[in-house]
Amino acid sequence: MSALLSVQSLTVRTGALELVSKVSFEIEPGARMGLIGESGSGKSMTALAVMGLLPARVHSSGSVLLDGKEVVGAPERTLVPLRGNAAAVVFQEPLTALDPLMKVGRQVAEPLIRRARRNGEKLARREVRREVRRLFEEVSLPEPDRVSHSYPHQLSGGQRQRVALAMALSCRPKLLIADEPTTALDVTIQAEILGLLDRLVRDHGMALLFIGHDLPVVASVVDQMTVLRQGVAVEQGPVGQILREPRHAYTQELVDAARTFDAALEGSA
Amino acid sequence: MSLLDVRNLRYSYDGGEPVLRDVSFRVESGMNVGLVGESGSGKTTILRLLLGLARPDGGSIHFDGEPVRSGERSFMRSYRRSVQTVFQDPYSSLDPRQSVGNIIAEPLRSLGIPGPRREAVGQALDAVDLPRDVTSRYPHEFSGGQRQRIAIARAIVAHPRIVLADEPVSALDLSTRVRIIELLKSLSRSVTIVLVSHDLGVVAALCQKSVVLDRGRIVEAGETAQVLRHPEHSYTKKLLASVPRLPA
Chain A
1 MSALLSVQSL
11 TVRTGALELV
21 SKVSFEIEPG
31 ARMGLIGESG
41 SGKSMTALAV
51 MGLLPARVHS
61 SGSVLLDGKE
71 VVGAPERTLV
81 PLRGNAAAVV
91 FQEPLTALDP
101 LMKVGRQVAE
111 PLIRRARRNG
121 EKLARREVRR
131 EVRRLFEEVS
141 LPEPDRVSHS
151 YPHQLSGGQR
161 QRVALAMALS
171 CRPKLLIADE
181 PTTALDVTIQ
191 AEILGLLDRL
201 VRDHGMALLF
211 IGHDLPVVAS
221 VVDQMTVLRQ
231 GVAVEQGPVG
241 QILREPRHAY
251 TQELVDAART
261 FDAALEGSA
Chain B
1001 MSLLDVRNLR
1011 YSYDGGEPVL
1021 RDVSFRVESG
1031 MNVGLVGESG
1041 SGKTTILRLL
1051 LGLARPDGGS
1061 IHFDGEPVRS
1071 GERSFMRSYR
1081 RSVQTVFQDP
1091 YSSLDPRQSV
1101 GNIIAEPLRS
1111 LGIPGPRREA
1121 VGQALDAVDL
1131 PRDVTSRYPH
1141 EFSGGQRQRI
1151 AIARAIVAHP
1161 RIVLADEPVS
1171 ALDLSTRVRI
1181 IELLKSLSRS
1191 VTIVLVSHDL
1201 GVVAALCQKS
1211 VVLDRGRIVE
1221 AGETAQVLRH
1231 PEHSYTKKLL
1241 ASVPRLPA
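In order, the protein sequence lines correspond to chains A and B. Sequential numbering from 1 applies to the first sequence in my numbering. Sequential numbering from 1001 applies to the second sequence in my numbering.
Any given hint could turn out to be false.
[To be verified] In silico lysine to aspartate or glutamate, DMTMM-like type, Cα no more than 25 Å apart, as pairs:
no. : chain 1 : residue 1 : chain 2 : residue 2
1   : B       : K1237     : B       : E1223
2   : B       : K1238     : A       : E180
3   : B       : K1238     : A       : E137
[Unchecked claim] Footprint (simulated), chain A over chain B, 3 or more residues, beta carbon under 8 Å:
no. : region
4   : 1045-1053
5   : 1163-1176
[Stated by the list, open to error] Simulated restraints on C-beta separations:
no. : chain 1 : residue 1 : chain 2 : residue 2 : range
6   : B       : F1075     : A       : E253      : 56 to 64 Å
7   : B       : R1069     : A       : L53       : 53 to 61 Å
8   : A       : R202      : B       : Q1226     : 33 to 41 Å
9   : A       : A16       : B       : Y1138     : 40 to 48 Å
10  : B       : G1015     : A       : E127      : 27 to 35 Å
Hints listed in this document are in silico derivations from the structure and should not be mistaken for laboratory results. Each residue gets a CB set at the ideal place from its N, CA and C atoms; glycine is no exception.
The shape of chain B in the complex, shown without the other chains:
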């Protein structure tokens, strides 16, 4: 059974032009998926729908075989435990007034997960290669890359099955970007990552599967290696040709 099964999603903001037209894809456990597209492709809207922040005009989302019912509190509570998020901007996604320990423990509190929090937070910090004694410090004391590690620790502390990562490295410098991708790769042994990104290089480095979006439609989907080596759609070809690379 697929972890996520997205079927024929349609969505428009306030009855305007549709921003998603018949979008379908699956996320299998252990296979990271990259949703690739530029501005206006609909990738962020898909993320909002996956998080239950908006309801689709048509189509459905199934998690582990069950339809996602965004209006139902008890369902959403268990869903949120299984599906966590990492956002683009490590400077605005962490509450500056909270200690790092409190920030990372937040999902445990809000989801009412019992058990020793200190140990769970410690394990999350181990996983993201931060020392355990950072818990008493505050976000402003950390660099962008370290903050993104804190955000990732928060995302994995409740042992979710999926981490939705929305452009998690695009605000970071190049060398930091590589290290965060390496970290996400090592974590994906125990959690499946759905990566939303405009950057094909980042997707190629992390995701076994890719879904290429253009103006609300899926133009190409499949194994990332296949998509990169034999892009079929003209948009995918253009996107691939546009990626800046080092001169040979």
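Bound-form chain A, shown alone:
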């Protein structure tokens, strides 16, 4: 089977500064890859490059094949249909991803209507409403009708992230990119959202690119991992193997740090 996402020798630069250096990885349909790194490791730049969403004056080279299409250097008209259909993103802070002036029901309805139009269909308002409701139920939002009529600021952080997930789902993407999706959340809410993410990815047979700085979080969600440090992929492989036998000193340091806190929780510190 050919890869859904194939990143080869991706380099991201701004001016003379190299933010990502020759990073390569592949994700098969339905597979789960984690990008782990600390601040400045280039993990978010990698995610943006995959979607062709790099900020102005930040340039990528190398190759990113998303669902068979080259993203690096592609014009907007190639990228627009890829976004959503091939891959959808959930960001760290849903408050910045959601439009503050629009009720969240409408924000989820928009991609639904766009997708229907692209397929030459026209959705009746009732159908749109029913579909939004179904999506909200799928992401376990309580009182979907009330939530639908709320503005983002009227919802809690966890509820907003559920809305963002519903929006991503409405595009029926083959790849879900989650960029630090639980970093801004309380730990109990984080556990709920991670559980939800896991279920959604499995139910829809989506592939997952999960980006995070917290090793235990990333390791609990994905099967394969790429460890980034200062823009370089220092280690890559199955999660179990990396945790058992980290080859790079930096990975070893991360694993040791995580184990220190785990041991403290077990009362053996």
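Please arrange chain B on chain A, whose structure you already have, making use of the hints.
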């Protein structure tokens, strides 16, 4: 006698819903205490009250047997000497225009503590494992972990009895986090740490005692090991189950 004795604290902002309801706990000398909770638990409000930045609606705080009188200048001066703080964000808690030496010496100046400042600053730097020659440099030259070491040096320079640490490692990367916790642990031989944190793993690594807060109430308190091994309250159980850990 307890170092800190917090009794039946009640507090609400501008007459709104109470954010602290009848909160009582003690801090004994030499026993680090972790105040654990999520957003809205009231842990930061407790810290504000402990610092004398706000007055409780009800209840009291005693330090070393004496009631904390936040309106009384002479009392607050000696209280501040005994109770110092480390904040969450090492990027905003240090004045960028001050040299590291001046930053660390600040409590000595503002509290009017006599004696050779250079030597006191040097000893504080030794304690946090930074070379003494960093004093002429400025905060922007340092990483997050090093900045937090500078903030800790400032907190201990006047030899306080308590350091209140408000999420001191949550802005730091995982490997740096371990090193700062190790540092705080080594310092707690001479100062008692009250750690405010949402992270049970961090509390477990540093504090012998834990106080678990949920929506302004203490739901569980006791020896940390006991709380972790046999959590009694459903909220504590949920919190414990939510902590991300490495797969076995």
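Range first: 40 to 48 Å. Now tell me if the beta carbons of A16 (chain A) and Y1138 (chain B) are that far apart.
violated, 25 Å
56 to 64 Å was suggested as the range; check whether the CB atoms of F1075 (chain B) and E253 (chain A) agree with it.
violated, 46 Å
Straight-line Cα separation of K1237 (chain B) and E1223 (chain B) no greater than 25 Å?
Holds. K1237 (chain B) to E1223 (chain B) sits at ~15 Å (cutoff 25 Å).
Checking C-beta pairs, does the region 1045-1053 of chain B have three or more residues closer than 8 Å to chain A?
violated (count 0)
Regarding the pair K1238 (chain B) and E180 (chain A), is the alpha-carbon distance no greater than 25 Å?
holds, 22 Å
Hint check for Q1226 (chain B) and R202 (chain A) - Cβ pair distance inside 33 to 41 Å:
holds, 38 Å
Whether the CB-CB distance between G1015 (chain B) and E127 (chain A) falls inside 27 to 35 Å:
This hint is violated: roughly 48 Å between Cβ atoms.
Is the hinted range of 53 to 61 Å satisfied by the C-beta distance from R1069 (chain B) to L53 (chain A)?
Because 56 Å falls inside the window, the suggested range holds.
Count the residues of the region 1163-1176 of chain B whose Cβ falls closer than 8 Å to any Cβ of chain A, and tell me whether that reaches three.
Since three or more residues must qualify, the claim that chain A covers the region 1163-1176 of chain B holds, with 3 doing so at under 8 Å.
Tell me if the straight-line CA distance from K1238 (chain B) to E137 (chain A) falls inside 25 Å.
holds, 23 Å
In this structure, the hints that do not hold are numbers 4, 6, 9 and 10, in rising order.
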